[in-house]
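Novice: Listed below are the residues making up each chain.
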Amino acid sequence: MEFKAKDIAALLGGVVDGDPEVIVNNVSKIEEGKPGTLAFLANPKYEHYVYTTQASVVLVNKTFEPAHEYACTLIRVESAYDAIATLLQMYEDMRPKPQGIEQPSYVSESATIGEKPYIGAFAYIGKGAKIGNNVKIYPQTYIGDGVTVGDDTIIYAGVKIYSGCVVGKSCILHAGVVLGADGFGFAPEGDHYKKVPQIGNVVVEDNVEIGANTCIDRATMGSTLIHKGVKLDNLVQIAHNVVVGGNTVIAAQTGIAGTTKVGENCVFGGQVGLVGHLTIGAGTQIAAQSGITSNIPEKSVLRGSPAFDYPKYQKCYVMFRKLPEMYGLLRDLEKEVANLKSK
Amino acid sequence: MEFKAKDIAALLGGVVDGDPEVIVNNVSKIEEGKPGTLAFLANPKYEHYVYTTQASVVLVNKTFEPAHEYACTLIRVESAYDAIATLLQMYEDMRPKPQGIEQPSYVSESATIGEKPYIGAFAYIGKGAKIGNNVKIYPQTYIGDGVTVGDDTIIYAGVKIYSGCVVGKSCILHAGVVLGADGFGFAPEGDHYKKVPQIGNVVVEDNVEIGANTCIDRATMGSTLIHKGVKLDNLVQIAHNVVVGGNTVIAAQTGIAGTTKVGENCVFGGQVGLVGHLTIGAGTQIAAQSGITSNIPEKSVLRGSPAFDYPKYQKCYVMFRKLPEMYGLLRDLEKEVANLKSK
Amino acid sequence: MEFKAKDIAALLGGVVDGDPEVIVNNVSKIEEGKPGTLAFLANPKYEHYVYTTQASVVLVNKTFEPAHEYACTLIRVESAYDAIATLLQMYEDMRPKPQGIEQPSYVSESATIGEKPYIGAFAYIGKGAKIGNNVKIYPQTYIGDGVTVGDDTIIYAGVKIYSGCVVGKSCILHAGVVLGADGFGFAPEGDHYKKVPQIGNVVVEDNVEIGANTCIDRATMGSTLIHKGVKLDNLVQIAHNVVVGGNTVIAAQTGIAGTTKVGENCVFGGQVGLVGHLTIGAGTQIAAQSGITSNIPEKSVLRGSPAFDYPKYQKCYVMFRKLPEMYGLLRDLEKEVANLKSK
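Residue numbers (full-length UniProt numbering), protein chains in the order written: chain A, 1 to 343; chain B, 1 to 343; chain C, 1 to 343.
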């Protein structure tokens with residue numbers, strides 16, 4: 001796909017400042033810009049790249065005033081950031097999308113498939129599964145018995161959904177996601193453990209995106225529940241009976257232990273751990289690698305393991321780095337006090 | 001499946017207190033109880049839910065004395081907790097189990113398959129593999145050449161077992177588990193690394209459960225060894241030549257580096273890390289997110305990174321939170337001592 | 001495969017000290033040696049095992065002088081460590097390698113496959129994919145549209161490579177690896193998040209090994225880039241637009257957030273976390289479980305979360321363990337100073 005600068009400007013309601021006929025066929029980052037690509041400048045910190053970039057076209061805010069000479073063609077728009085997001089979405093929308101049913105694939109007779117499906121080769125759809133309209137099921141995906149998948153959801157290659165789980169509309173499940181494996185429940189019995197059967201399921205509401213190789217366990221009873229709009233990154237662990245509130249965002253490799261309830265609009269960094277049976281208030285933000293071991297009120301901002309108030313943690317950690325110095329000071333004082341006492 | 005309260009009571013040797021004819025068709029948690037479901041009250045902390053739950057039937061200990069009015073039918077049993085575990089197991093046992101060989105699947109001519117197998121579509125069983133009786137191999141599973149799987153083991157969808165590995169009887173491997181990938185062994189050679197071939201295998205003994213997307217690497221030589229009754233949660237990493245002792249339980253996202261030997265009956269929290277070449281005594285308990293960098297005697301209870309004695313860690317961490325205050329105190333004392341000296 | 005001690009000695013340019021006709025058919029670790037196996041002694045720390053091992057043959061340095069009696073046959077070589085590495089490689093090279101195209105597999109008409117391929121059953125190769133010579137693609141692997149794979153690369157079972165990604169020559173991708181899932185990019189829009197399309201790809205250069213279930217996300221624009229010779233362990237997370245420099249080694253469960261650039265020849269322990277948009281200098285070493293939150297100069301050696309100079313961290317942590325004692329000392333001093341002042 002090739003575009004002239006003037007066509008892109010027209011598309012975005014922008015103005016060309018340079019050669020309107022120059023052609024681009026891809027986008028690039030301004031610091032890595034190559035001829036034939038379009039880059040953008042949204043953050044003033046990157047302005048110096050405008051004067052050296054090899055990109056043929058650069059989107060800039062209409063207020064941009066160059067301080068030096070530059071070689072590229074500019075397109076001036078209201079907001080360069082919004083414009084590039086629009087272009088990315090257009091580019092994405094124009095990419096060919098798979099459709100149809102590839103063979104061999106395995107669809108149980110009692111499964112129901114909506115309109116305009118894509119079912120990739122070696123996909124498996126179990127008994128009584130209900131697949132909505134316009135769902136894309138990539139190759140080697142496993143949809144267990146009785147699973148429901150809502151309209152417009154994309155399930156990438158190799159996702160495994162155990163029986164009885166429910167996935168909403170317009171969700172994206174990335175490769176290797178596992179929904180509905182047994183919760184980690186064992187009762188001690190003498191010197192060994194006896195498995196507690198896990199007969200619940202996982203319910204994922206609409207507009208949820210789940211990253212590659214993330215695992216969400218089924219509930220012991222009832223449902224492990226991921227509310228609408230939640231975004232989970234790769235390699236996240238969600239244990240049985242956890243509830244994640246709407247529009248909460250959780251970065252990679254974070255783990256949430258059983259039955260913990262996370263409120264809406266929380267943001268967790270990577271590699272965070274939460275123990276089980278907690279309640280985390282809405283709007284809580286947790287720094288990467290923190291550990292949460294108690295209930296948390298709304299809108300908390302936390303760091304540490306165990307985590308506490310973020311700015312306080314920062315102060316404590318500054319002091320942690322001074323500990324050898326503090327210890328020396330303490331020993332000195334001890335001597336001086338002994339001296340004073342002896343006088 | 002529907003049951004009357006009186007039938008459940010008969011099954012459990014309990015007594016109905018309320019309507020013996022009320023019908024339930026599922027179980028629920030007492031705090032989320034819905035009409036037509038059975039809940040249970042084992043922990044006195046949840047007693048107040050009895051008076052408000054929508055569940056039709058609640059299992060209680062026979063000694064339970066209600067303090068308020070309630071709407072549900074009670075079934076009084078010796079132990080509500082044991083009774084619900086019994087019911088869950090019965091429910092689990094009654095769920096239909098897959099059986100037979102679905103097509104297309106790939107079974108090498110030289111593989112041997114025991115009685116009553118389930119082999120899901122798109123499963124692959126390599127040359128010389130030996131599969132015991134009553135084994136369930138879900139779709140898209142890869143069983144490499146020469147792998148042995150014991151009787152009654154369940155291998156969920158998409159598990160990958162490299163050649164030569166051994167899995168015992170009555171094991172459960174959840175979706176996405178990888179057994180027998182190469183250990184992470186490289187020898188420096190000039191400015192780059194040369195791979196050290198990994199020619200050992202993984203041996204998993206009987207009654208082991210392995211969580212979704214957990215990885216256990218093959219040994220460089222010999223075997224990476226998971227003893228009987230071990231329970232591994234999701235996304236755990238077990239490196240080459242590690243030994244995990246019998247009935248040890250390891251929570252999600254924990255990692256154990258090469259050649260470390262973990263004793264029996266240990267319990268590790270989530271996101272714990274152990275460096276290589278250590279010996280961890282039997283019965284050791286390690287708190288979540290801890291890091292282990294030295295050999296550990298039996299029955300230790302540890303926290304921190306590096307970890308040390310749990311109660312001592314708790315005290316140190318309390319002090320860590322007081323560090324800014326301590327620093328202020330120290331500075332004040334310094335001034336006062338300087339004052340005293342100048343007098 | 002069976003070998004006589006004299007044949008192995010000839011192969012390695014070594015000298016037999018004992019029975020030249022003794023036969024071995026496998027290798028073992030000296031501490032676990034069994035009759036019929038060959039073990040080695042490279043580290044003097046393990047010397048005592050020579051006198052008790054059941055291994056039939058032990059490779060030793062030619063300078064080895066036994067202090068006690070021993071039962072095994074010795075083969076004396078220049079370097080026992082190099083010799084065992086040579087033997088492991090020979091053993092590995094002699095193992096039968098899969099080849100040919102198993103059915104059913106799915107190869108798009110527009111894909112091109114090089115010479116001597118192995119394509120396992122249920123593998124999927126998308127439109128326009130280009131597979132080099134002597135590539136091994138194990139069962140249930142997904143190679144998306146337009147993916148390029150270089151000569152001599154091994155892709156184990158169940159790897160998923162999204163469209164447009166590039167894998168170099170002589171790479172090894174272990175089971176469950178996901179390359180090219182969408183970067184974790186969302187723009188807030190009112191009370192929820194809007195997905196930022198991720199139109200870049202992943203480029204993996206030559207001689208890279210990637211561990212089981214590791215995830216490398218595609219770039220928002222441009223490429224997430226893994227340079228030649230990089231070794232990634234299992235369950236590692238590499239976010240969008242990250243660059244990992246040549247011959248860098250990263251242990252299991254480490255995560256690198258978006259756009260961070262890691263230099264050449266770095267070594268990261270397990271469970272390390274790096275926040276986004278950082279630059280990590282070449283030759284940096286980071287201890288396990290550390291957290292990196294700022295740019296790092298070349299050849300740094302770091303520990304902690306946030307991490308700082310390793311030896312300094314060690315000192316601070318020693319003091320952390322003394323905090324309750326320090327606090328007591330401080331309180332005592334405070335009293336004594338108050339006493340002194342009152343006099």
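Treat the hints with caution; some may be incorrect.
Remember, identical chains collapse to one label, so a pair may be satisfied in a single copy or spanning two.
Simulated crosslink set (EDC-like; lysine to aspartate or glutamate; CA at most 20 Å straight-line) [claimed, not checked]: (1) K45 x D332; (2) K299 x D191; (3) K127 x D93; (4) K322 x E334; (5) K299 x D19; (6) K194 x E264; (7) K62 x E336; (8) K195 x D151; (9) K312 x E298; (10) K299 x E2; (11) K343 x D17.
By construction, these hints were calculated from the structure, which means they are not laboratory data. Fair warning: this is a prediction, and the values are worked out from it, not measured in the lab.
Novice: Give a verdict on every hint.
Specialist: Evaluated hints:
1. K45 x D332: neither (48 Å within a copy, 43 Å between copies)
2. K299 x D191: between (44 Å within a copy, 15 Å between copies)
3. K127 x D93: between (33 Å within a copy, 19 Å between copies)
4. K322 x E334: Classified as both: same-chain Cα gap 18 Å, cross-chain 16 Å, threshold 20 Å.
5. K299 x D19: Answer is neither: 50 Å inside a copy and 46 Å across each miss the 20 Å cutoff.
6. K194 x E264: between (35 Å within a copy, 16 Å between copies)
7. K62 x E336: neither (67 Å within a copy, 62 Å between copies)
8. K195 x D151: between (36 Å within a copy, 18 Å between copies)
9. K312 x E298: Close inside one copy (18 Å), not across copies (31 Å); limit 20 Å.
10. K299 x E2: Classified as neither; 47 Å inside a copy, 44 Å across copies.
11. K343 x D17: neither (84 Å within a copy, 77 Å between copies)
Taken one by one, the earlier hints fail for this structure at numbers 1, 5, 7, 10, 11, listed in ascending order.
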